[in-house]
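Build the full structure now, drawing on both the sequences and the hints.
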Amino acid sequence: MNPTVPSSKTSPQAQPVGQAVGARGIVKAFGVGDARTLALKGADFEAREGELHLIVGPSGCGKTTLLSVLAGTLASDQGEVHLFGTRLTGLSTSEVTRFRCRNIGFIFQQFNLIPTLSLVENVSVPLLLNGAGRREAEAKAAERLQQVGLGGRERQLPTQLSGGQQQRVAIARALVHEPRLVICDEPTSALDSVTGHQIMDLLSGAAQAPGRCVLIVTHDPRVYGYADRISEMEDGRVTGVHAGESLSSFIHSENRS
Amino acid sequence: MFLLALKMLLGDRAKYWMLVGGLAFSSLLMTQQYSVFQGLLSWTTSHMRNMRASIWIVEARVDQVNETKAMRDTDVNRVRSVEGVDFAVPLFQGVLKARAQDGSDKMIQMIGLHSGTLYGRPPRMIAGDITQLRLPNAVIIDTVAAEVNRLGAGMGRPLRIGDAFEINDREARVVGICETERHFFGYPYVFSSYDQALQYAPRQRKMLSMILAEPKPGLNEADVAQRIMKETGLRAFTVPQLEKSTLKWVWANTGIPISFLTTIILGFVVGVAVCGQTFYSFVLENLRNLGALKAMGASNMLLAGMLLLQSMTVGLIGFGIGIGMTALFGLTIAKSGQPPFLMDAAFVFEALAAVLLICALAALFGIRRVAKLEPAIVFRG
Ligand SMILES: Nc1ncnc2c1ncn2[C@@H]1O[C@H](COP(=O)(O)OP(=O)(O)OP(=O)(O)O)[C@@H](O)[C@H]1O
Ligand SMILES: [Mg+2]
Numbered sequence: 724m725n726p727t728v729p730s731s732k733t734s735p736q737a738q739p740v741g742q743a744v745g746a747r748g749i750v751k752a753f754g755v756g757d758a759r760t761l762a763l764k765g766a767d768f769e770a771r772e773g774e775l776h777l778i779v780g781p782s783g784c785g786k787t788t789l790l791s792v793l794a795g796t797l798a799s800d801q802g803e804v805h806l807f808g809t810r811l812t813g814l815s816t817s818e819v820t821r822f823r824c825r826n827i828g829f830i831f832q833q834f835n836l837i838p839t840l841s842l843v844e845n846v847s848v849p850l851l852l853n854g855a856g857r858r859e860a861e862a863k864a865a866e867r868l869q870q871v872g873l874g875g876r877e878r879q880l881p882t883q884l885s886g887g888q889q890q891r892v893a894i895a896r897a898l899v900h901e902p903r904l905v906i907c908d909e910p911t912s913a914l915d916s917v918t919g920h921q922i923m924d925l926l927s928g929a930a931q932a933p934g935r936c937v938l939i940v941t942h943d944p945r946v947y948g949y950a951d952r953i954s955e956m957e958d959g960r961v962t963g964v965h966a967g968e969s970l971s972s973f974i975h976s977e978n979r980s
Numbered sequence: 471m472f473l474l475a476l477k478m479l480l481g482d483r484a485k486y487w488m489l490v491g492g493l494a495f496s497s498l499l500m501t502q503q504y505s506v507f508q509g510l511l512s513w514t515t516s517h518m519r520n521m522r523a524s525i526w527i528v529e530a531r532v533d534q535v536n537e538t539k540a541m542r543d544t545d546v547n548r549v550r551s552v553e554g555v556d557f558a559v560p561l562f563q564g565v566l567k568a569r570a571q572d573g574s575d576k577m578i579q580m581i582g583l584h585s586g587t588l589y590g591r592p593p594r595m596i597a598g599d600i601t602q603l604r605l606p607n608a609v610i611i612d613t614v615a616a617e618v619n620r621l622g623a624g625m626g627r628p629l630r631i632g633d634a635f636e637i638n639d640r641e642a643r644v645v646g647i648c649e650t651e652r653h654f655f656g657y658p659y660v661f662s663s664y665d666q667a668l669q670y671a672p673r674q675r676k677m678l679s680m681i682l683a684e685p686k687p688g689l690n691e692a693d694v695a696q697r698i699m700k701e702t703g704l705r706a707f708t709v710p711q712l713e714k715s716t717l718k719w720v721w722a723n724t725g726i727p728i729s730f731l732t733t734i735i736l737g738f739v740v741g742v743a744v745c746g747q748t749f750y751s752f753v754l755e756n757l758r759n760l761g762a763l764k765a766m767g768a769s770n771m772l773l774a775g776m777l778l779l780q781s782m783t784v785g786l787i788g789f790g791i792g793i794g795m796t797a798l799f800g801l802t803i804a805k806s807g808q809p810p811f812l813m814d815a816a817f818v819f820e821a822l823a824a825v826l827l828i829c830a831l832a833a834l835f836g837i838r839r840v841a842k843l844e845p846a847i848v849f850r851g
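Residue numbers (my numbering), protein chains in the order written: chain A, 724 to 980; chain B, 471 to 851.
Keep in mind the hints are simulated off the structure, nothing from the lab. Note that the Cβ used here is the ideal one computed from N, Cα and C, for glycine as well. Check before you lean on any hint, since a few could be wrong.
Looking from chain B toward chain A, a few residues come up when the C-beta cut is under 8 Å (computed) [as the list claims (entries may be wrong)]: (1) Met471; (2) Leu474; (3) Lys477; (4) Met478; (5) Gly481; (6) Arg758; (7) Asn759; (8) Ala762; (9) Ala765; (10) Gly767; (11) Pro845.
Listed below in structure tokens is the structure:
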């Protein structure tokens with residue numbers, strides 16, 4: 724019933740305290756022969772608990788690929804991933820699936836709400852996947868919808884909502900089971916700037932929860948200001964990490980260019 | 471999750487109805503064709519239900535009840551002398567022409583019963599007295615023969631007791647009316663005494679069609695039949711044996727089973743094709759959603775279960791509609807007996823199993839696709 728991973732496979736002593744995500748030497752190639760592309764060429768990455776962490780970089784540099792590897796939805800060819808002290812690399816597919824189910828919330832660029840299910844049903848999915856009963860799951864889901872400003876619309880279908888509202892439903896869905904890691908790929912790129920800021924407000928609120936980490940891949944310099952830390956990527960590697968003062972100057976330079 | 475799986479399917483009205491419709495059609499085709507086939511088969515053995523006798527003895531080369539090869543009159547005595555036979559009587563069976571009041575000719579199934587015992591008599595008399603068959607020129611006709619478009623032609627009403635018609639220029643006077651099950655050839659039954667039947671039928675060297683026998687009380691019919699065969703060289707069947715042999719003959723010698731079987735298989739194939747195709751495209755259209763579920767932690771097992779549930783549900787609904795339509799067909803159109811219709815419970819379950827198999831196959835394609843699905847696809851635009 725409990726989907727947490729056996730402790731024999733965790734190695735907390737190897738991981739710094741407070742580290743949420745740790746990745747070393749991640750290599751990932753797609754295709755074979757002439758069509759083979761190295762999307763990740765030995766990427767190192769770290770994110771801490773309690774932070775909203777942006778991953779930025781030019782198109783095609785491997786941001787989505789890295790995020791997929793960190794989330795355990797894509798297996799890397801080389802390298803290791805640790806999430807909250809659990810070594811993801813080396814777990815079986817079903818163990819990784821169970822780990823994701825319990826510990827990770829997802830927000831996608833295209834929202835990916837199930838169009839034939841009502842909002843409350845969409846939001847209750849992670850709870851149901853974790854074994855909750857329907858009544859309990861829908862009660863919690865309704866509460867979450869309330870929190871993202873969609874109270875009273877539980878029975879509507881996603882198609883009745885604007886893009887920003889749909890993304891709020893997706894946020895409710897990503898947070899409903901209180902995951903420790905929230906993974907977002909371009910959550911604001913399909914939205915206008917005002918709506919984008921509302922979404923980022925919600926996400927940075929979510930990052931306040933103790934022990935949680937929110938990881939966001941983005942192209943959008945307007946949202947850099949929400950970051951506690953930014954990892955910069957280029958050509959399959961993480962080339963720089965900005966926090967504190969270096970973060971301010973990075974944001975300044977990016978917003979000017 | 472399973473409830474949501476059903477909602478996902480129901481939400482896609484077009485595919486849902488396509489699936490239910492395809493499966494209903496397939497179920498209808500299979501069960502309706504099977505029922506008509508069974509009905510037709512039952513027509514081939516209706517003699518055994520329209521004439522009641524324990525042991526049926528025929529010429530050595532005869533395999534089925536609708537075929538007659540004339541036997542020698544002395545064969546009756548040979549059968550009587552077999553140990554265990556209580557009594558044995560001759561039977562005439564032949565298709566003759568009768569002339570109705572208006573002068574039109576109608577084909578009839580003539581049956582001549584031994585006048586002493588009237589053994590082999592029709593089980594359901596609805597008017598008249600069977601023993602009156604012993605009177606000269608007396609016949610008992612079935613309700614079909616009595617109809618205005620049969621021997622009642624020219625009367626303006628169905629034949630009644632006391633009415634007369636002609637068989638081979640001889641008078642046939644109705645002394646009773648019985649109910650029969652329709653025979654494969656579709657000719658109405660006319661019963662007379664054996665001797666009378668020989669008068670009606672065109673004269674031939676040998677006129678005995680069959681012998682009917684009753685075993686002594688307490689003896690096993692099959693044993694006695696076996697003994698008759700051994701001692702006389704004729705063929706003797708109990709009713710179940712003759713039914714089996716007749717059906718076997720139909721399977722071996724007519725195109726009927728093949729053509730029905732083809733249609734039934736076609737129904738299955740159409741079901742697989744329509745359902746498989748539609749369900750697979752349902753899965754493909756939902757691939758992003760399924761990928762998202764997979765990313766969120768739905769296992770392959772769970773997704774497979776959801777897909778199976780979805781396909782089985784449309785299977786059950788489609789089958790329900792299909793079998794309902796078949797039943798409706800049976801209760802309305804086929805009530806007249808044309809086309810024949812005979813539904814048996816065992817086949818209902820077989821057809822249900824076939825439909826669920828179709829659904830499982832359809833789901834299997836989807837399950838394979840989903841099992842190979844990388845959850846990371848949901849991050850791609
Ligand atoms: N499934 C795949 N098959 C083949 N090549 C892939 C696949 N996914 C990614 N790639 C390639 O890997 C490289 C990195 O892709 P990725 O999507 O990670 O970049 P990205 O930084 O997210 O880009 P964008 O900002 O455009 O989303 C690209 O060259 C891309 O073409
Ligand atoms: Mg990307």
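We went through each hint and held it up to the structure:
At its closest, the beta carbon of methionine 471/B sits 5 Å from a beta carbon of chain A; the interface hint therefore holds under the 8 Å criterion. For leucine 474/B, the suggested interface contact is upheld, since its CB lies about 6 Å from the closest CB of chain A, less than 8 Å. For lysine 477/B, the shortest C-beta to C-beta distance to chain A is roughly 6 Å, which falls under 8 Å, so the interface hint holds. With a least beta-carbon distance of about 5 Å to chain A, the hint placing methionine 478/B at the interface is held under the 8 Å criterion.
This hint holds: glycine 481/B has a C-beta 2 Å from the nearest C-beta of chain A, less than the 8 Å allowed. The restraint placing arginine 758/B at the interface with chain A holds, with a minimum CB-CB distance near 6 Å, inside the 8 Å limit. Annotation: interface hint on asparagine 759/B holds; nearest CB of chain A at approximately 5 Å, less than 8 Å. A distance limit of 8 Å between C-beta atoms decides the matter here; for alanine 762/B the minimum to chain A is near 4 Å, and the interface restraint holds.
A least Cβ separation of about 5 Å between alanine 765/B and chain A falls short of the 8 Å threshold, and the interface hint therefore holds. Proximity of glycine 767/B to chain A holds as hinted, the smallest CB-CB distance being about 2 Å (cut-off 8 Å). With 8 Å as the threshold, the beta carbon of proline 845/B comes within range of chain A, its nearest partner Cβ sitting at about 4 Å, so the hint holds.
The structure agrees with every numbered hint stated previously.
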